[in-house]
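Protein chains: 2
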Amino acid sequence: MNKTEKVKNLIIDKPLKLDCGKTIVNFPLAYETYGQLNEKRDNAILAFHALTGDQFAAEINPITKKEGWWSNALGPGKAIDTNKYFVICANVIGGCMGSYGPSNINPENSKPFGTNFPVITINDMVNAQYHLLEFFKIDKLFSVVGGSMGGMQVLQFVSNFPNKSRTAIPIACTASHSAQNIALNELGRQSIMADHNWSNGFYEENKKLPDKGLAVARMAAHITYLSKKGLQEKFGRKLQERDDLKFSFDADFQIESYLRYQGSVFVDRFDANSYLYITRAMDYFDLTKQFNGNLSKAFEKSETKFFIISFTSDWLYPTSENRDIVIALNAIGKDVGFAEITSDKGHDSFLLDVPDFLNAIKNFLNTSYNKKI
Amino acid sequence: MNKTEKVKNLIIDKPLKLDCGKTIVNFPLAYETYGQLNEKRDNAILAFHALTGDQFAAEINPITKKEGWWSNALGPGKAIDTNKYFVICANVIGGCMGSYGPSNINPENSKPFGTNFPVITINDMVNAQYHLLEFFKIDKLFSVVGGSMGGMQVLQFVSNFPNKSRTAIPIACTASHSAQNIALNELGRQSIMADHNWSNGFYEENKKLPDKGLAVARMAAHITYLSKKGLQEKFGRKLQERDDLKFSFDADFQIESYLRYQGSVFVDRFDANSYLYITRAMDYFDLTKQFNGNLSKAFEKSETKFFIISFTSDWLYPTSENRDIVIALNAIGKDVGFAEITSDKGHDSFLLDVPDFLNAIKNFLNTSYNKKI
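Those protein sequence lines, which keep their order, are chains A and B. Residue numbers 319 to 691, in our numbering, belong to the letters of the first sequence in order. Residue numbers 319 to 691, in our numbering, belong to the letters of the second sequence in order.
There may be inaccurate statements among the hints.
A pair holds if it fits inside one copy or across any two, identical chains being indistinguishable in the list.
Listed next, the in silico DMTMM-like pairs over lysine to aspartate or glutamate satisfying Cα-Cα at most 25 Å (straight line) [to be verified]:
1. K547 - E639
2. K324 - D562
3. K547 - E658
4. K619 - E522
5. K547 - D662
6. K619 - E523
7. K552 - D337
8. K607 - D561
9. K458 - E523
10. K402 - D674
11. K607 - D568
12. K335 - D562
Think of the hints as simulated: they come from the structure by calculation, not from any bench.
All chains, please: the whole structure from these sequences, using the hints.
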């Protein structure tokens, strides 16, 4: 697919020193906006996407022709109301929807970077996106918001730029990627790397993509996004268009068919190397370690009002890990609200139509915005 | 490896009609025994292995040269005391340690069966192993015992042969494979099938094995065998023989290195097609459905004394699913004990040195055995 026509790009012409030590410059950051920036330029929200998201948070994604990943939460009259707020969403660096990533051309050899692309971090992603504030001449955002890896970016953003957002909503995330989460990401990476076509990351030269490995990685991840109870209620042991077991390795069960479908559609829109780079960034994320084991210090200079949200059935980033952030903020007397939303839909709850969750965001944003005026 | 010299085989010469409709005959069932059958022939225990287990439950496995998979529980003076009891353990059909499975030769074309091997079920496995009772001239076992898929076999055995075992110990299992468990097994299968070398299951002809896919399947499974807390305590974010992150896709974290190791050693001892067949059997397991939705009916004719064991941190076969079996037995007034053992070690607890668990088994067996005498 030719993305270039449909993607808005900001070319960042200031050097960005990455955590790995390399410096990048004149690189593209693909972004999208929803709503209008008001005259005071005080209604802007920066929304950060999760592992497989992109800048097309709302409306119809022009590349996939499907609803944007946060259409349940973001749009006119919705929880993040684009009639009121100006929402900016950028594709993370390392991604594959127009921002600088492993499928970009390496000027050294005029071939795609592949695994010669530098390993990036959540910190690098956030530092790149900070340039959007300058570009839109926004002195202070109204809010930074995101779920999962998006929530990690929220935390890193507030830590890096303590006075650049009035409010912050980290959702279903963690301040430090756990061993289980590293393990699950490593599983996805090993699955991609096991694909014969991966070719150490230089598959674009061969024109054969590691689609099978990427599909398996997606299936693995998808299982972790749903709760055991949610899966049981939705699929249970229901059979897929058949009356009885077939005694074969076809997809007998609906859950098998569902996972295979999720894998197959994912490879049409996502790049295998980007999957490696972005999961690596998540695994490297440890805000607590950045502040020598004291997470409170990450927020010491912040004047941001926090609202932290977790979901009861999220076993990937469970309430306990979200609560650790609340505790760190409470320890230094910062303004922090916390809601654990009851949902059987697992980690995916932040993307779905979960009314309690959407109302919580809507009320927090509107109350916070009105208080200032 | 040439297994034939080290494996005891019972050739089952009576036809066995499989659930898929096919009948097999004159097929090998590989088994091992520990301890001595007493004169009364009343001290025999049939131990069933889990997905990747085999007949070498105790002592040194002559093929892998490592301790048998249940060495913590089984041996002289141990919880399942081979000074007292005669323990039989067989490799399940569909397996790869000598019992009839997909790597056996298909007489129709003198090549390994591969995926032409019939899809087997837990019921088929148990019906095959029943022949061990005739072979050893055991009228009634003292106990049937097993964890995970071994526990499913315990349940199926008691249901099929209600008066053939005095006691039964299903551990960390379920009466009906859940959607999440089917999903996780399907992930493993898709990982194997995604391997270029799998060749629709006929890889033995090509001499190139789908080792990468099988290793990824093992990694996925391994994550599910451990608890989030256990992983965090054992590995956390510890680095592997380095002081800082390498900004590469090498195994930076110990958990990554551990998973890669688990994958690599597994492929030396296990057959990819057997992994497909055995996971399929687990997914097909639904004892409740066999009795039209009433699990109690599976045990109606049984005179067996049950002891059901679950582990607090087992999220693969959680206490709730084990308790469902207790409830079904209680509903018809059967003799059933139940212990939920506190352990952070996840599903793997049944294989590990968990003293409360081992003591529970030891006491149950000894008390039950002595009562009779």
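So, going through the hints one by one against the coordinates:
1. K547 - E639: both (21 Å within a copy, 12 Å between copies)
2. K324 - D562: neither (46 Å within a copy, 40 Å between copies)
3. K547 - E658: Classified as both: same-chain Cα gap 18 Å, cross-chain 20 Å, threshold 25 Å.
4. K619 - E522: neither (45 Å within a copy, 63 Å between copies)
5. K547 - D662: For K547 and D662, the Cα distance is within 25 Å both inside one copy (6 Å) and across copies (21 Å).
6. K619 - E523: This pair counts as neither: shortest intra-copy Cα distance 47 Å, inter-copy 66 Å.
7. K552 - D337: So K552 and D337 fail the 25 Å test inside a copy (42 Å) and across (27 Å) alike.
8. K607 - D561: Between copies only: 14 Å across chains, 54 Å inside a chain, cut-off 25 Å.
9. K458 - E523: Cα proximity of K458 and E523: none, with 44 Å in one copy and 66 Å across.
10. K402 - D674: within (21 Å within a copy, 60 Å between copies)
11. K607 - D568: Close across copies (21 Å), not inside one copy (46 Å); limit 25 Å.
12. K335 - D562: between (59 Å within a copy, 18 Å between copies)
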